[in-house]
Every structure is written in C-alpha cells, then in structure tokens.
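Residue numbers (my numbering), protein chains in the order written: chain A, 1 to 281; chain B, 282 to 985.
No wet-lab data here; the hints were simulated from the structure.
Beta carbons: idealized from backbone N, C-alpha and C, even for Gly.
One or more of the hints may lead you astray.
Residues of chain A clear of chain B, computed beta-carbon distances all greater than 12 Å [claimed, not checked]:
#  : residue
1  : Ala-68
2  : Cys-76
3  : Ile-80
4  : Phe-135
5  : Thr-146
6  : Thr-161
7  : Pro-166
8  : Lys-173
9  : Thr-185
10 : Cys-186
11 : Thr-229
12 : Gln-239
13 : His-267
The calculated DSS-like cross-link candidates involving lysine-lysine, where the alpha carbons are at most 30 Å apart (straight line), are [to be verified]:
#  : chain 1 : residue 1 : chain 2 : residue 2
14 : B       : Lys-464   : B       : Lys-447
15 : B       : Lys-372   : B       : Lys-399
16 : B       : Lys-367   : A       : Lys-173
17 : B       : Lys-904   : A       : Lys-168
18 : B       : Lys-464   : B       : Lys-404
19 : B       : Lys-399   : A       : Lys-168
20 : B       : Lys-464   : A       : Lys-129
21 : B       : Lys-635   : B       : Lys-742
22 : B       : Lys-367   : A       : Lys-129
23 : A       : Lys-129   : B       : Lys-635
24 : A       : Lys-93    : B       : Lys-764
25 : B       : Lys-404   : B       : Lys-367
26 : B       : Lys-904   : A       : Lys-129
27 : B       : Lys-505   : B       : Lys-367
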Amino acid sequence: MRSQRSAVPVKIRRVWHSRLTRWFHGRREKLGWAAGAGAALTVILISCTSTSTRTLVAPPSIAGAEFAGSESCETCHEAITRDFHTATHARLKAQGDSEKEIGCESCHGPGSLHVSSGGGARTIVNPRKSPETCFQCHLDVRAQFTLPHHHPVLEGKMSCTDCHDPHKGSAMKGGGTEVAGTNETCFQCHSVQRGPFVFEHEALRQGCNTCHQPHGSVNQRMLTERNATLCLKCHFQQQTASGAIVIGGRDHTGSLTRGTCWSAGCHEAVHGSQISSSLRF
Amino acid sequence: MKQLLAIAASLIVLQLPVSAGVDSNGTKTSETTEEDTPEEYTNWITLGIGGVSVEGDAPQFQHRHRMNEDSFWGIEELHWEPSINKDVTLKLDGRAMAGAEDYLASIELAYRNVGYIKAGYRKFRSWYDGHGGYFPPNDLFFELYDNEFAIDRGSIWFELGLRLPKWPEITFRYERQWRDGQKDSTSWGDTGLTGVPGSNNLRNIVPTFLDIDETRDIFTIDLKHTITKTEVGLGLRFEKQENDNSRNVHRRPGEPSQDRYFTQNDRISADLFSVHFYQTTRLGPELQFSTAYMFTTLESEIGGDRIYGISYEPVFDPVYARRQRRDEGFLNILGGSQLDQHVATLNFAWRPSKDWVVIPSFRYEHNELDSFSDSIETVVPPTGPLVVTFEPLEALSERSFDAITESLEVRYTGLKNWNFYAKGEWMQEQLDQLERDFELEEETASLLIGRDTEGDINTQKYVVGANWYPQPGVNVATQYYKKIHENHYDHPFDTTPNIGVGDRYPAFLRDHDFNVDDFNVRVTWRPKKGNITFVTRYDFQMATIDTRGDFLSTVESADITAHILSESITWNPLPRLFVQGALHYVRNQTDTPADQQVGAIVQDMKNNYWNGTVTAGYALGDKTDLQVNYFYYRADNFEDNSASSVPYGSDAEEHAITATLSHEFTKNIRGTLRYGFFNNRSDAYGGRHNYDAHLFATSLQYRY
C-alpha cells in the first residue's frame with residue numbers, strides 16, 4: 001500500500017547546494033581565472049621539467065599488446081568461439097591477410113598480454129564495461145547515446161550486451177526466430193508496459209521502437225516524435241473535407257490545438273487500457 | 282563545506298589523482314589510457330569525493346548528465362580478490378557513492394569442480410526534471426512544485442551454481458528488483474491562461490508527474506547437461522510482480538472554478554511462470570542443430586481509480602464543485618488477465634565448406650490472452666448540471682494468435698578478404714480478437730462497444746551486405762535492409778457503422794502497411810604510418826506508412842527519412858599523446874499529411890541535430906597524465922506554432938568540457954583531480970532549462 005503522497009512533492013537536498021552555490025557564484029570569475037591559470041601553470045611546469053617515454057593509447061586498446069589471433073582465444077573461451085559462426089557479428093570475418101585483425105581482437109583489443117599473463121586483470125578490453133568498442137563501428141549509435149534523452153549506457157548503468165548478443169545468434173536479443181519475443185528485451189526493465197491490457201494498443205505488437213528510439217533521442221521519453229505526428233503517422237486517414245483532421249469519424253482539429261493526443265484526458269493510456277477501447281485512460 | 286574545499290585545495294597542491302571517471306559527455310572514461318601491463322596488484326580501492334555547483338535549472342542538469350547537483354563521496358570502486366588456494370576463489374566488488382546514490386556490493390565464492398555462490402546488491406538513481414511545456418507568446422511556464430524528481434532502480438540477488446564434473450550444471454537464482462520514486466510525464470495538463478483569443482485557447486503545457494512503486498521477485502532454476510554431442514537444458518522461471526503507480530495531473534492551475542487535479546492509480550500484480558527446454562547437437566564443426574520449447578503462463582490482477590478533486594490523490598467527492606464536462610473517471614476497478622504462450626524453435630547452422638555458412642531457422646508461437654475489468658465510471662453528462670453519475674462497466678477481451686517465422690541466412694567468404702551475406706526473414710500471423718465494453722444495469726448488460734477482429738499480419742525482412750578488407754587496416758562495410766510489414770484487419774462484428782457521421786472506432790482501421798529501407802556504409806582506414814585511424818559512416822533510413830480506414834482509400838500517413846553522417850578519428854601523433862574526435866550530423870524528419878490539412882496545428886516533426894566530441898590524453902611525465910574532453914551539441918528544430926498549437930521542436934545548444942589530471946604517487950597509489958564545466962541554452966523553453974554547472978571531483982586509488 002503506497003503511503004499518502006503530499007500535495008506537493010517534497011523539496012530535499014538543498015542546503016549544501018545553496019551554500020556552495022552562493023559561495024561559488026560570488027567568486028566565480030576570479031575562481032575560474034585562478035583555476036585556469038593554476039592548471040595551465042601546473043601542466044607547463046610538469047611537461048617542461050619531465051621527459052617521458054611512456055605510451056598513452058586511446059580507449060579501447062591495450063598498450064604494449066599485439067594481435068595474437070583468434071585461435072589463442074579458443075583455448076580458454078571455447079564455449080564462445082565454437083558458436084561464433086552463428087552470430088550476426090560473424091559477418092565481419094573474412095579469409096585473407098587481414099583476418100588476424102578482425103577476429104576476437106577487433107572488439108577485445110590485441111590479446112598478447114592477456115594470453116601471456118594467463119588472463120590477467122586489465123589485459124583485455126571488456127566491451128561490457130565500456131561501449132567504446134561497439135562505437136568503433138556503430139558511430140550512429142554513439143551519437144544517439146549522447147542525446148539529451150538516452151539509456152544510461154555511457155554512464156555505465158547499462159551495457160550494450162543487455163540488449164544485444166555479440167557472440168551467438170542474432171545480435172538483437174529477442175524477435176525473429178529467437179525464443180523470446182521482440183519486446184521482451186524492453187520488458188526486462190519496463191515490465192508495466194507489458195500489461196496485459198483489456199484493450200491493447202496495436203502499436204506494441206509492431207514493436208516498442210515504433211514510438212521509441214531505443215538508444216537515445218532529442219525528445220523526452222526517447223520518443224521518435226514529440227508532437228502529434230507520433231500518433232498521426234499511423235492514425236492519419238484519408239480526409240474528405242479540407243481544413244480538418246478527422247480520425248475515426250470524429251473531427252480532432254480542435255483537440256490537436258492543445259498539443260499531443262496523449263495529454264490530459266484524451267488518449268492517455270498509450271500502451272493499453274483496462275477500461276477504454278479508445279485508450280482514453 | 283570548508284572541509285570539502287580544504288580537501289580539494291590540498292589535492293590541487295599535491296597534483297593528485299586519476300582513475301576512471303566521467304568525461305564532459307557523461308561517458309565513463311577508461312583507465313586503459315594509462316599504459317597497462319599485467320599487474321602484480323589484483324586488488325584495489327578507489328575513494329572519491331566531489332561536488333557540482335549549478336546556476337540555473339539544476340533538475341535539468343541532473344537529468345541531462347545523470348549526476349546530482351550536490352556533493353558526492355564514497356567508494357568509487359572496490360575490488361578484492363584474495364589468494365586462498367588453487368581451488369577456491371573469492372571476489373568482492375563494491376561501490377558506495379553517497380549523494381550520487383550509486384551503490385553496488387557483490388560477492389562471488391567459487392570452488393573449482395564444485396560450484397559457486399554469488400550474491401549482490403545494486404542501486405542507482407536517475408534524475409528527472411519535472412517541468413512541463415512552455416508557451417512563448419506570453420512567456421507562460423508553470424512551476425508547480427520542486428522539479429527535482431528521481432527514480433531509484435535497484436536489485437538484490439543470490440545465485441547458487443553446482444558444477445560437479447559429469448553432473449548436470451545446476452543454477453538457482455533469486456532476484457528482487459525494484460523501481461521507486463517520481464518522474465515527469467509527457468502527458469501534460471491544460472491551461473487557459475495563454476492569452477490566445479477565441480475558443481481554442483487551451484494548451485497542454487502544465488507539468489504532471491508519475492509516482493512509481495514497482496517490485497519484481499524472480500526465481501529461476503536452470504539445468505544444463507552435455508551427453509556426448511548433445512547439450513540439453515531445462516529452465517524454470519517464476520516471477521511475481523507488484524506495481525502501484527499513479528499519474529498526477531493538475532488542470533487549469535490558477536484559473537478560478539477550473540483549477541482542479543486528478544490522480545489515476547494503476548495497480549497490477551502478476552504471477553508469471555515459464556518453463557523452457559532446449560537441446561543443441563553438434564555433429565562436428567560443420568553442422569549443429571538446436572530445438573527449443575517454452576511455455577509461459579501469466580496471471581494478473583488489476584486495481585485502481587481515477588479521481589478528480591482538490592489536490593493530488595483526492596478522496597472521491599460526488600459533488601466536487603469544479604468538476605467539468607469531460608472530467609470522467611472511474612472507481613474500484615477490478616479485473617485481470619490470463620495469458621498462455623507456447624513457443625517452439627528449430628535452428629540449424631551448417632558449414633558445407635569452409636567458405637559457406639548456411640543458417641536456416643524456424644519459430645512458431647501460439648498465444649492466448651483473456652482479460653476483463655469491472656469498474657464504476659464517474660460520468661459527467663454532456664448537458665445540464667455538472668453532477669456526476671455512476672455507470673457500472675464491464676470490459677473484456679479475448680485474443681489469440683498463431684505466428685510462424687522462418688529465416689535463412691547465407692554467408693560466403695570464398696573470395697579472399699571478402700564476406701558476403703544475405704538474410705531473409707518471413708513471418709505470418711493470424712490474429713483473432715474479441716473486444717466488448719458493457720454498461721451493467723441491475724439485471725442486464727447493454728453493449729456499448731463491440732469489435733471482433735480477424736487479422737492477417739505478414740512481415741518480410743531482408744538484409745544483404747558485404748565486408749571487404751582490401752588491405753590490412755582498411756575495411757569497407759556496406760549493408761542494405763528492407764522490411765515490409767503488412768497488417769490487414771477484417772471485422773466480422775462491429776457495433777459502430779463505419780460510414781456516415783459519428784465515431785467509427787473501434788473497428789475502423791483495415792490496412793496498415795509499413796515499408797522500411799535502410800542503407801549504411803562504413804569505411805575504416807588505418808594507414809600503415811601515422812598511428813591514425815579514420816572511421817566514416819553514413820546511414821540512410823526511409824520509412825513509409827500506408828493506412829486505410831473503412832470505406833476510405835489508402836493514404837500515405839507518414840514518410841520518415843533520416844540521414845546520419847558520422848566521422849571518427851583516433852590519432853597518436855606522439856607516444857605520449859592521443860587525440861580522439863567524433864562528429865555526427867543527423868537530419869531526421871517525420872512528414873504526415875496533417876500539416877497540409879490544418880497548417881501549423883500539426884507540424885512535421887524534425888529531429889535534426891549535430892554533435893561532436895574531442896578527447897586528448899597527454900603524458901605530462903612518467904607519472905602524470907592529463908586528459909581533456911570537449912563536447913558540443915546543437916539541435917535547432919524549434920518553429921513557433923503557438924498561435925495554432927503547442928510548439929514541441931527542440932532548440933538547444935550545449936558545451937561541456939572536462940579536464941582530468943592523474944598522477945601516480947607510488948607504484949600502488951594513484952589519484953585524479955577533475956574539473957568540468959557544463960553549459961546548456963534552450964530557447965525553446967524561454968531559457969527555463971538553461972544552466973551553467975561546475976564539477977570538481979577527486980579520487981585516490983590504492984592497489985594492493
């Protein structure tokens with residue numbers, strides 16, 4: 001039983017912020033200059049007074065390691081390598097001079113140190129911990145994850161492998177000829193949207209990504225469209241009179257001046273309704 | 282606070298530390314920027330402390346960057362793996378960042394050739410800005426409450442695995458997941474304070490919020506055993522779900538006699554039981570086949586209400602004075618669903634030669650769902666006094682479908698340095714659906730809405746592509762994807778005449794066809810010299826949706842196009858310096874014929890944006906590194922159609938820069954010092970979302 005909610009959500013965690021903000025904002029410009037000058041001076045001093053032979057490599061990579069070939073991986077990871085030919089990512093493999101670079105190590109980084117250390121810590125790239133490996137090819141997805149509304153993959157709260165299987169079968173978990181259905185991947189975390197509902201929204205059968213961008217969007221709730229086109233892209237019908245939008249026999253023109261179809265009282269139950277066939281609530 | 286600043290200042294003087302952190306784009310930076318070699322230390326603990334000062338819309342900052350505006354401190358990362366003996370391993374991982382509300386504790390104890398025990402706890406917080414919309418003509422924006430919303434998502438688990446040689450692998454797992462808190466909703470309330478003349482002066486921009494309280498208990502048992510060339514598995518899953526959520530809407534705030542609230546409570550509890558069986562037989566490296574069967578049954582119960590009143594979560598008042606014409610709600614909803622699902626699959630993976638791979642597969646699903654609900658609708662008559670009347674309702678539906686999916690994938694690698702592939706997937710589905718909505722009277726039930734649906738649903742998906750490696754370091758990959766999804770509905774029973782005047786739902790849609798084309802090409806180039814890598818990618822996506830209503834012609838209801846151009850460069854000009862940059866330019870638009878019909882009331886939706894990021898890492902010395910990241914984002918899709926409707930296009934410009942200084946004090950002590958500046962400007966909200974934020978953070982890592 002939920003506790004009774006106050007009429008206004010409670011404001012919390014303000015005191016420390018307010019003090020720091022007041023202190024900081026009063027000295028912001030001076031502090032900025034001081035911090036910038038200090039940092040620059042520190043960098044110059046350290047850089048000029050030291051000679052370094054160290055190597056820095058951009059993630060995801062392992063400095064000092066070389067390609068060992070996928071055969072080396074089979075020794076310990078046979079359960080993964082034996083089924084890899086069924087994976088969508090096996091489409092990347094080819095026979096030829098370049099093969100060494102496009103096996104396991106094209107995603108996990110050069111593995112010589114991993115092999116020589118017997119699987120030592122931090123000697124191999126683990127894409128589960130950082131999506132940078134996946135972004136090497138899926139640049140478009142990287143762009144989506146940086147948008148204002150996105151799943152928290154960059155923040156480490158989710159991993160690409162939560163929704164994708166890189167090693168076996170279809171890269172998309174669920175759907176197609178997989179045992180799990182298309183939307184099951186989403187329902188792992190968004191169980192309420194599963195329903196079941198007395199009156200379902202057929203769009204769910206089409207797939208969650210009919211209305212949501214799974215990686216990220218410029219729109220709230222990762223919607224593919226933020227305005228009424230989200231609904232009209234399927235519910236627009238042939239119009240028989242100009243200057244009006246008739247849907248299912250009713251003129252919706254006036255309602256659309258208020259904004260989206262799913263706001264206050266019209267079609268709020270966007271995933272399905274237990275009571276209203278028009279998904280009113 | 283003085284203590285905090287003193288600590289920060291001392292760390293600056295000491296040129297302290299660096300470890301994994303968050304760059305200006307919110308990305309977790311990797312520790313692999315440091316030259317990692319196999320280490321003698323297998324355990325580590327990283328302590329961190331920091332704070333963020335925000336001027337402007339702090340909730341928006343928190344939502345955008347998924348970090349709290351105040352201080353945060355604690356254990357960023359803990360890994361402990363003591364050496365016990367060659368047969369026993371123990372691993373402990375943890376994180377406890379107060380303020381950020383990010384916690385993890387996990388333990389794994391394994392005994393070789395016996396089994397393992399795992400247990401853990403995880404919780405993290407996501408922040409939301411509880412704002413509503415913005416109406417530019419009269420600078421209308423509602424601040425109804427503190428907008429600092431947050432949802433905590435957590436889980437606690439226990440897993441026991443038995444791994445005795447020659448015995449079946451047995452795994453038992455229990456997990457409790459939960460989600461708790463408040464977040465904003467896009468279903469905004471209405472206001473008449475827009476200053477728009479005429480009767481269409483209402484706009485829905487008033488903020489609303491959702492109250493979330495969800496729990497899920499999941500028990501699973503899995504058995505796996507290999508008998509010669511065949512692996513068999515059996516799995517059982519029981520899941521119990523309790524959801525108690527609500528939507529809270531404030532309508533017409535500040536308008537006398539119209540200012541009112543409603544809360545809709547949606548409660549659902551569900552029990553899910555699933556059993557699955559599979560076998561995989563490997564007849565050698567050339568051929569393997571697998572079959573699987575799964576049965577799932579789900580039983581749910583619902584409850585809830587939707588009540589108008591003087592505040593959020595009001596008590597029902599039949600004579601509530603501010604009730605308006607369409608303020609319908611419902612009381613005491615009761616009901617539930619019974620779902621049964623059967624799925625069977627068959628897969629082959631065949632390699633007739635070293636150059637060919639053929640993967641045919643098949644899936645069959647039978648699904649039956651029966652649902653009903655009883656409720657009392659609170660209705661306000663369309664004319665006369667605004668007095669609520671009660672209408673007992675019963676709604677029910679019966680739905681079943683059979684779906685068959687076949688797919689075939691073929692790959693060929695016989696041409697040196699090439700991989701060609703093609704895949705086709707076909708799905709045929711037959712849907713039978715019955716839906717009824719009754720008004721219950723004393724001894725009779727009158728049918729309000731009835732619909733029987735017979736659906737023919739067919740999907741075709743095709744993929745063709747090639748990967749080419751013309752020389753070491755060069756890869757050209759291209760792929761074309763096509764999807765055709767056709768829905769055809771017949772309605773043998775329909776209570777609404779679909780011709781003439783009046784509402785024609787529910788049985789109105791007859792055809793619904795989706796057609797998707799997607800093409801992409803990617804070129805990766807690593808020149809032999811220069812330690813530089815270029816990756817260029819272009820994606821083109823086009824989708825059309827054709828819709829036909831009963832007694833009407835087919836119309837193209839949407840035309841969606843997207844062009845996505847991306848470039849990434851990674852360069853090591855010096856051994857001690859790396860530079861990484863990425864640039865993305867996206868044009869994405871959804872066109873519907875609505876704007877041709879009613880002008881600016883419904884604009885075509887644009888989701889155009891471009892963003893870029895540059896990261897540079899530099900070894901200042903043998904023990905000190907500097908990493909700097911800059912991120913830029915711009916979306917300019919705002920078109921002010923306030924005179925006709927609510928403007929939704931985004932208009933935002935963001936800059937973010939972070940600098941991280943890391944230093945190795947001793948072989949096993951490292952530290953970081955990080956500063957970040959975040960800036961957001963959004964004219965689409967009249968500046969209400971603007972913020973400038975400064976992040977200071979430091980961490981110290983001890984390896985042992």
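How the hints compare with the structure:
Separation of Ala-68 of chain A from chain B is adequate, the least Cβ-Cβ distance of about 14 Å exceeding the 12 Å criterion. For Cys-76 of chain A, the condition that its CB be more than 12 Å from all CB atoms of chain B holds, with the nearest at approximately 14 Å. Separation of Ile-80 of chain A from chain B is adequate, the least Cβ-Cβ distance of about 14 Å exceeding the 12 Å criterion. With a closest Cβ-Cβ approach of about 8 Å to chain B, Phe-135 of chain A is found to fall inside the 12 Å limit, against its non-interface label.
Against the 12 Å criterion, Thr-146 of chain A falls within the reach of chain B, whose nearest CB is about 6 Å from its own CB. Residue placement check: Thr-161 of chain A keeps its beta carbon more than 12 Å from all beta carbons of chain B (closest about 15 Å). The non-interface label for Pro-166 of chain A is consistent with chain B: the shortest C-beta to C-beta separation is roughly 16 Å, beyond 12 Å. Distance check on Lys-173 of chain A: its Cβ is at least 14 Å (rounded) from any Cβ of chain B, clearing the 12 Å threshold; non-interface status holds.
Non-interface status of Thr-185 of chain A relative to chain B is upheld: no Cβ of that chain comes within 12 Å, the nearest being about 15 Å off. A cut-off of 12 Å between C-beta atoms confirms that Cys-186 of chain A is not in contact with chain B; the least separation is 14 Å. At roughly 4 Å from the closest C-beta of chain B, the C-beta of Thr-229 of chain A falls inside 12 Å, breaking its exclusion from the interface. The claim that Gln-239 of chain A is not at the interface with chain B is violated, since a C-beta of that chain comes within 12 Å of its own (minimum 6 Å).
The claim that His-267 of chain A is not at the interface with chain B is violated, since a C-beta of that chain comes within 12 Å of its own (minimum 9 Å). Only pairs whose Cα atoms come within 30 Å are accepted, and Lys-464 of chain B paired with Lys-447 of chain B is rejected, the gap being roughly 51 Å. Restraint check for Lys-372 of chain B and Lys-399 of chain B: satisfied, since their Cα atoms lie roughly 9 Å apart, inside the 30 Å limit. With a C-alpha separation of about 36 Å, the suggested pairing of Lys-367 of chain B with Lys-173 of chain A is violated against the 30 Å cut-off.
For the suggested pair Lys-904 of chain B and Lys-168 of chain A, the alpha carbons sit about 42 Å apart, so the restraint of at most 30 Å is broken. Distance restraint check for Lys-464 of chain B and Lys-404 of chain B: the Cα-Cα separation of roughly 17 Å lies within the 30 Å cut-off, and the hinted pair is therefore satisfied. Among the hinted pairs, Lys-399 of chain B with Lys-168 of chain A is consistent with the structure: their alpha-carbon atoms are about 25 Å apart, no more than 30 Å. Under the criterion of a C-alpha separation no larger than 30 Å, the hint pairing Lys-464 of chain B with Lys-129 of chain A is consistent with the structure, at around 27 Å.
Distance restraint check for Lys-635 of chain B and Lys-742 of chain B: the Cα-Cα separation of roughly 27 Å lies within the 30 Å cut-off, and the hinted pair is therefore satisfied. For the given pair, Lys-367 of chain B sits about 27 Å from Lys-129 of chain A by alpha-carbon distance, which is consistent with the 30 Å threshold. With a CA separation close to 34 Å, the supplied pair Lys-129 of chain A and Lys-635 of chain B exceeds the 30 Å bound. Taken as a hint, the Lys-93 of chain A and Lys-764 of chain B pair is honoured in the structure, with Cα atoms around 25 Å apart against an allowance of 30 Å.
Simply put, Lys-404 of chain B and Lys-367 of chain B have alpha-carbon atoms about 33 Å apart, too far for the 30 Å limit, and the pair is violated. A hinted pair counts as satisfied when its Cα atoms are at most 30 Å apart, and Lys-904 of chain B with Lys-129 of chain A qualifies at roughly 25 Å. Between Lys-505 of chain B and Lys-367 of chain B, the direct Cα distance comes to roughly 26 Å. Compliance with the 30 Å bound is thereby established for this hinted pair.
When held up to the earlier numbered hints, the structure conflicts with 4, 5, 11, 12, 13, 14, 16, 17, 23 and 25 and fits the remainder.
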